[in-house]
Amino acid sequence: MAYSEKVLDHYEHPRNVGSFAKGEEGLGTGMVGAPACGDVMKLQIKVGKDGVIEDAKFKTYGCGSAIASSSLVTEWVKGKTVDQALQIKNTQIAEELALPPVKIHCSILAEDAIKAAVADYRNKHSAVVETPACGERCKE
Amino acid sequence: MKLPIYMDYSATTPVDPRVAGKMIPYLTEKFGNPASRSHAFGWEADAAVELAREQVAALLNADPKEIVWTSGATESNNLAIKGIAHFYQGKGKHIVTMRIEHKAVLDTVRELEREGFSATFLNPEPSGLLDLDKFRAALRSDTVLVSVMLVNNEIGVIQDIAAIGEICRDKGILFHVDAAQATGKVAIDLRQLKVDLMSLSAHKTYGPKGIGALYVRRKPRVRLEAQMHGGGHERGMRSGTLPTHQIVGMGEAFSIAQAEMARENERIRMLRDRLLKGLMTMEEVHVNGDMEHRVPHNLNVSFSFVEGESLIMAIKDIAVSSGSACTSASLEPSYVLRALGRSDELAHSSIRFSMGRFTTVEEVDYAVELLKNKIGKLRELSPLWEMYKDGVDLNSVQWAAH
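Here the protein sequences line up with chains W and L, keeping their order.
With the first letter of the first sequence counted as 1, position 44 gets the number 44 in my numbering; the numbers rise by one all the way through.
With the first letter of the second sequence counted as 1, position 290 gets the number 290 in my numbering; the numbers rise by one all the way through.
Treat the hints as calculated values from the structure; they're not laboratory data.
Any given hint could turn out to be false.
Using C-beta positions, here's what the derived DEER-type ranges look like [what the hints assert, rightly or not]: (1) 138(L) to 22(W): 49 to 59 Å; (2) 98(W) to 273(L): 40 to 50 Å; (3) 22(W) to 286(L): 24 to 34 Å.
Anything over 10 Å on all C-beta distances counts as not near chain W; from chain L, calculated [to be verified]: (4) 29; (5) 104; (6) 122; (7) 140; (8) 189; (9) 223; (10) 230; (11) 270; (12) 333; (13) 376; (14) 394.
No farther apart than 30 Å at their CA atoms in a straight line, the calculated lysine-lysine pairs in the DSS-like style are these [as the list claims (entries may be wrong)]: (15) 209(L) to 2(L); (16) 22(W) to 49(W); (17) 209(L) to 65(L); (18) 374(L) to 57(W); (19) 78(W) to 389(L); (20) 22(W) to 46(W); (21) 209(L) to 93(L); (22) 316(L) to 57(W); (23) 46(W) to 377(L); (24) 134(L) to 82(L); (25) 93(L) to 6(W); (26) 6(W) to 2(L).
A quick note: this is a predicted structure, and the numbers were derived from the prediction, not measured.
Even glycine gets a Cβ: it sits at the ideal position worked out from N, Cα and C.
Please take these sequences and the hints and turn them into a complete structure.
What follows is the structure in structure tokens.
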């Protein structure tokens, strides 16, 4: 299928790949999706004392659009407060990356990843937070 | 070396230049209708069609009179399965086939189910092969037809059609074999095999697209109900003006296959072994399907912790197929790999490499290096790989509900 230039750019040069060291302060980790559905996103945020997200890292198992959506999200959350990060909507991600309709679930998953990371941060370092859904396509 | 490298010979093959050369005159100069009995144009075309029929029959050790031209293996499968079911429905209305058959067989059998037939879809063993005891147990007194493919299109495994044929003949059940992926790869002797119908395709064997054939046994005689009605061509089994140039191409392609098969298979096996050895230097690489009962042309491999579509994207310099149809709205892992009992994850991260006549050592080496590089990168990106490396059992993880 044809990918937009922005998806290809994030796919070829993913931003902020990796994981934070386990003991670091102010971490929130969200893992969403499932291997059986073909995509799993792990998003980590590092929140400063002032409530601003200082850094973010991701790892994604999934298609090019899933990788691009999570890569983009790490760029967008940086410098935002936790509450501002929660305002990021999947439609904005889909629009920025020009995702085709069959790939909208990737942007939904990225939005879920932010919510999961923030929830984890707020719950103070529980290992992994589950979210209810990874999108529409795996329901059957 | 020219990029991208073609490694999808199981999808289709290029027409061999020798084949194309034979076809062209039948488009421009020798354009007669083979059914025209009253002039030299027709006679010339008819002679070409009959020569091709001999060439196709020769590859199968069959009688030319047993070859019926069709538009391809899909039509052959439809004609064989519906034609037999409809003709013999007075005898019984049960059909036995396998879950890993091509859609042209599965969907045809499902259509017959809608018409009131009943069907059994057998699961293969994890190797992809049919267990003969399970097969025997599935046969009923009202079974009229068995359809099992010779070579699987996704995993390349070869079914024991000799043994299946014996069982069917013994019970008086007709046996159809989809051999679209087999011609030029495995030796077929229809004087020995108890096969009643066999579907053939030209474009998987360096012939043109749009032409195929159905072998219909004469001794003992097999009858079928035509699906296409018209001028009564092909002894009434398949009407429609014969596409002379396509038929000439299929004949020439099968003739070349017969002459060169032994040597070609040896060379391709060497390439396949080289590819496999290269890929196996990586961790967590799994071959799908039996390695012993398998055509050398096919290598179907799953790369754990890497998603199929992103992998295809990463290796766009080599043209291969993925076991995951992610471009559709509903993500559906290969039904063939699932029938083998492969997890969805492994099915999603599978790649089918299929090599052929024009594949070179250089291309194989390039593919190995590219895959090693890209799989390394994608695994660095993969949270599943990280968990695996940390010793987490992924099956014990409570993934979000779907």
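A quick look at each hint next to the structure:
For residue 138(L) and residue 22(W), the hinted distance range of 49 to 59 Å is satisfied, since their beta carbons lie about 54 Å from each other. Our hint of 40 to 50 Å for residue 98(W) and residue 273(L) holds, since their Cβ atoms are close to 43 Å apart. Look at residue 22(W) against residue 286(L): about 30 Å separates their beta carbons, and that is inside 24 to 34 Å. For residue 29(L), the non-interface assignment is confirmed: its Cβ lies about 42 Å from the closest Cβ of chain W, beyond the 10 Å cut-off.
At the 10 Å boundary, the C-beta of residue 104(L) stays outside the reach of chain W, the nearest C-beta of that chain being 24 Å off. The beta carbon of residue 122(L) sits about 24 Å from the closest Cβ of chain W, which is more than 10 Å, so the claim that it is off the interface holds. Residue 140(L), annotated as away from the interface, keeps every beta carbon of chain W farther than 10 Å; the closest lies near 32 Å. For residue 189(L), the condition that its CB be more than 10 Å from all CB atoms of chain W holds, with the nearest at approximately 43 Å.
No beta-carbon of chain W is positioned within 10 Å of the beta-carbon of residue 223(L); the least distance is around 42 Å. A cut-off of 10 Å between C-beta atoms confirms that residue 230(L) is not in contact with chain W; the least separation is 40 Å. Residue placement check: residue 270(L) keeps its beta carbon more than 10 Å from all beta carbons of chain W (closest about 34 Å). With a cut of 10 Å on Cβ distances, residue 333(L) falls inside the contact zone with chain W, its closest approach being about 8 Å.
Here residue 376(L) stays apart from chain W, with its beta-carbon at least about 13 Å from theirs, past the 10 Å limit. Not every beta carbon of chain W lies more than 10 Å from that of residue 394(L), the smallest distance being close to 7 Å; the non-interface claim is violated. For the proposed pair residue 209(L) and residue 2(L), the alpha carbon gap of about 24 Å is at most 30 Å, so the pair holds. Proposed proximity of residue 22(W) and residue 49(W) is supported: the alpha carbons are some 18 Å apart, at most 30 Å.
This hinted pair checks out: residue 209(L) and residue 65(L) have alpha carbons roughly 23 Å apart, not beyond 30 Å. Restraint check: the Cα-Cα separation between residue 374(L) and residue 57(W) comes to about 20 Å, which is no more than 30 Å; the hinted pair holds. Only pairs whose Cα atoms come within 30 Å are accepted, and residue 78(W) paired with residue 389(L) is accepted, the gap being roughly 28 Å. Under the criterion of a C-alpha separation no larger than 30 Å, the hint pairing residue 22(W) with residue 46(W) is consistent with the structure, at around 12 Å.
With a CA separation close to 33 Å, the supplied pair residue 209(L) and residue 93(L) exceeds the 30 Å bound. A C-alpha spacing of about 27 Å is found between residue 316(L) and residue 57(W), which places the hinted pair at or below 30 Å, so the restraint holds. For the given pair, residue 46(W) sits about 24 Å from residue 377(L) by alpha-carbon distance, which is consistent with the 30 Å threshold. With a CA separation close to 25 Å, the supplied pair residue 134(L) and residue 82(L) stays within the 30 Å bound.
Among the hinted pairs, residue 93(L) with residue 6(W) is inconsistent with the structure: their alpha-carbon atoms are about 56 Å apart, more than 30 Å. With a CA separation close to 28 Å, the supplied pair residue 6(W) and residue 2(L) stays within the 30 Å bound.
Of the numbered hints given earlier, the model fails hints 12, 14, 21 and 25; all others are met.
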